[in-house]
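Could you build all of it, start to finish, from the sequences and the hints given here?
Numbering (our numbering), first residue to last: 1 to 155.
Rather than coming from a laboratory, the hints here were simulated on the basis of the structure.
Quantities reported herein were computed from a predicted structural model and do not represent experimental measurements.
Be careful, since some hints might not be right.
Unchecked claim - Restraint ranges, calculated between C-beta atoms of paired labels, are given here:
id, residue 1, residue 2, range
1, Asn96, Arg131, 40 to 46 Å
2, Trp97, Thr19, 42 to 48 Å
3, Leu38, His127, 16 to 22 Å
4, Leu38, Trp128, 32 to 38 Å
5, Lys79, Glu51, 35 to 41 Å
6, Gly50, Lys76, 35 to 41 Å
7, Glu91, Ser152, 31 to 37 Å
8, Gln113, Thr81, 17 to 23 Å
9, His127, Pro102, 37 to 43 Å
10, Asp48, Lys110, 26 to 32 Å
To be verified - Listed below are the simulated SDA-like cross-link pairs for lysine to any residue, each with C-alpha atoms no more than 20 Å apart in a straight line:
id, residue 1, residue 2
11, Lys52, Glu119
12, Lys76, Val45
13, Lys150, Val45
We put the CB at the ideal spot given by N, CA and C, even for glycine.
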Amino acid sequence: MPDLTDTLNIYFDGGCQPTNPGGVATSGWFITNEKGQLLAEGAKVVADGGEKATNNYAEYCALGLALRHLVDEGWKGKKLTIRGDSRLIVEQVAGNWKCKAPHLKPLLEKIHQHLGALEIEEGWTIHWVRRSSNGHAHQLAENEYHDYLKRSSQG
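In structure tokens, the structure reads:
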């Protein structure tokens, strides 16, 4: 992983298909350095049906998984910029909006725990971006959904 002088960017996205709520919730995330070079990425099915299978749950999981990756790698950096296309998640993580959904509160708390564990030298920021600026994270989540359908139909 990068050393202390690095500034990193996290992009995250999530979705729930074919219905929201109750479908298959997938998350996608990637991390770049300040030059835009891809350092890590991931995607995961985070819920299949049930009350947790929502776009918002998938979005929170995507950010949590990206942060968990940095924690697990032992990254201690200078600055972290987070970008996502869910206004709700961005505003709740920033502390501007209250999180009222009982199934999302633990995810928000875990995100703040991860951010605290990273001990980022100059701090972190989170920004809302248009979906068009978050295409790679969206595509990772979308691909995971289609891969999951293929795996399910084969088993």
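Outcome of the hint check:
1. Asn96 with Arg131: 40 to 46 Å: Distance hint for asparagine 96, arginine 131 is violated at roughly 20 Å.
2. Trp97 with Thr19: 42 to 48 Å: 25 Å, violated
3. Leu38 with His127: 16 to 22 Å: 19 Å, holds
4. Leu38 with Trp128: 32 to 38 Å: 22 Å, violated
5. Lys79 with Glu51: 35 to 41 Å: 36 Å, holds
6. Gly50 with Lys76: 35 to 41 Å: Taking Cβ atoms as reference, glycine 50 and lysine 76 lie about 37 Å apart, which means the hint holds.
7. Glu91 with Ser152: 31 to 37 Å: 34 Å, holds
8. Gln113 with Thr81: 17 to 23 Å: The hinted range 17 to 23 Å holds for glutamine 113 and threonine 81, with Cβ atoms some 19 Å apart.
9. His127 with Pro102: 37 to 43 Å: 27 Å, violated
10. Asp48 with Lys110: 26 to 32 Å: 21 Å, violated
11. Lys52 with Glu119: At roughly 30 Å apart (the allowed maximum being 20 Å), glutamate 119 and lysine 52 break the hint.
12. Lys76 with Val45: Since the Cα atoms of lysine 76 and valine 45 sit roughly 28 Å apart, the hinted pair is violated (cutoff 20 Å).
13. Lys150 with Val45: 13 Å, holds
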